[in-house]
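**Student:** Assemble the whole structure, with the sequences as input and the hints as a guide.
These protein sequence lines are chains S and V, in that order.
FYI, the working numbering numbers position 4 of the first sequence as -12, with every residue one higher than the one before it.
FYI, the working numbering numbers position 139 of the second sequence as 123, with every residue one higher than the one before it.
If a hint is listed, it holds; no wrong ones were tucked in.
Remember, identical chains collapse to one label, so a pair may be satisfied in a single copy or spanning two.
Straight-line alpha carbon distances no greater than 35 Å define the calculated DSBU-like cross-link-like pairs of lysine-lysine that follow:
#	residue 1	residue 2
1	Lys15	Lys67
2	Lys120	Lys39
3	Lys120	Lys134
4	Lys39	Lys29
5	Lys39	Lys67
Please keep in mind that the hints were generated in silico from the structure rather than gathered at the bench.
Number of protein chains: 2
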Amino acid sequence: MALQMYELSGRDERLRFSPYCWRVRYALAHKGLECDFIPWRFTQKEAIAFSGQGKVPVLVDGETTVTDSYEIFRYLDREYPDKPLLGDDTAESRARFFKFYSERALAPGILRTIVMDLFNVVHPDDQAYFRETREKALGRSLEEMHAPSKGLSALDAALEPLRGRLEEADFLDGEAPGGADYMVFGHFMWARCVSAADLVSNADPVYAWIERMLDQHGGVGRNATRIVDIEGGYPG
Amino acid sequence: MALQMYELSGRDERLRFSPYCWRVRYALAHKGLECDFIPWRFTQKEAIAFSGQGKVPVLVDGETTVTDSYEIFRYLDREYPDKPLLGDDTAESRARFFKFYSERALAPGILRTIVMDLFNVVHPDDQAYFRETREKALGRSLEEMHAPSKGLSALDAALEPLRGRLEEADFLDGEAPGGADYMVFGHFMWARCVSAADLVSNADPVYAWIERMLDQHGGVGRNATRIVDIEGGYPG
Chain S
-15 MALQMYELSG RDERLRFSPY CWRVRYALAH KGLECDFIPW RFTQKEAIAF
35 SGQGKVPVLV DGETTVTDSY EIFRYLDREY PDKPLLGDDT AESRARFFKF
85 YSERALAPGI LRTIVMDLFN VVHPDDQAYF RETREKALGR SLEEMHAPSK
135 GLSALDAALE PLRGRLEEAD FLDGEAPGGA DYMVFGHFMW ARCVSAADLV
185 SNADPVYAWI ERMLDQHGGV GRNATRIVDI EGGYPG
Chain V
-15 MALQMYELSG RDERLRFSPY CWRVRYALAH KGLECDFIPW RFTQKEAIAF
35 SGQGKVPVLV DGETTVTDSY EIFRYLDREY PDKPLLGDDT AESRARFFKF
85 YSERALAPGI LRTIVMDLFN VVHPDDQAYF RETREKALGR SLEEMHAPSK
135 GLSALDAALE PLRGRLEEAD FLDGEAPGGA DYMVFGHFMW ARCVSAADLV
185 SNADPVYAWI ERMLDQHGGV GRNATRIVDI EGGYPG
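**Tutor:** Next comes the structure, spelled out in structure tokens:
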């Protein structure tokens, strides 16, 4: 039986823009696993109540339910050990750092750049929830958070180590992409799906890596629906 | 025969403050290898001309000479495979990221904080060289670089992913320190040896990790001579 994954969607159901869900999409593609993706929205808490919590991704594999993108990586490596995502103990310890690097170094700058794009993409029924939870977590209004030039400048600084690594290698994990690449790339898919903003200049080694990542596994990233592909979807 | 390492020293020969040499000191201690450390100064290019380049660390192991801290890690793992520093291919690919993280994300903020301390510690014969090379590389005078509050603020932001990882684990490499820890910790030893500046508040998980790192391998870091230990060494 194919796997099932509950995945965040927007006001157009084709828009799938959670960075955490994108990590798992790439991880599943890496392992060549079939999966049914079930669109889900922020306020549909009952639909995933069976998982014991209220966020996606939620992966269902027969009798087993797994939540949290990193825990899903671990689960997939345990149950489907071919083509490991995380590797042995040392490799996995180091993979954890990429989780924090993407969530704590890259995400804040990206969020300041795309927060109003995110708000535009969220389903109307979810907008109040989105605004309330984000404003509470960050202690300011969405409109105050929105500061693309500050966001891009913070992102530019935070990208330095990624840039260094990608000047010497095609992927963070070496000659082929692996768990570390997927862990970080989710946040670039987040921005790509909801926004027309250019996060990285095309002379940047990070840009070339993004292009390579988009083409991996049959173009799983490249083929994703973006707000800019939807007629009338993007203001301006 | 014991290994030999040429190591940067300051105006007091006991001061050993190169972040790259500290990486190797820790790596050697990790493997339990004996080593004679030969003090060396920036302008003593002839003393290491046999290595084909002009920087330390230079490791000499019998007939073999190895330069560059990361290449020395690789060499040590090849020749002394017990207690690996870098691990298998995936683990090593990820270890590279810590090199760039420390050099490109952490070092700039630390440098802005300690640059005049460094200048004070450098041997008088090396000061002109130090000033000229650093000012050329960074495009401004040492005095302009010196901006501790800006440096500490940049460092604070750059530490976020480290903080996240060290909230959940004692070391970057898990339950015991490894190559990733040494790669990053070198820059904290750099600051510790030359400066009295507190880079990290004592409530920070990074602070607790620094304390643990100082105590590793018989206190190799804790026992290092600091400028503040030298009578009359520290202005103010």
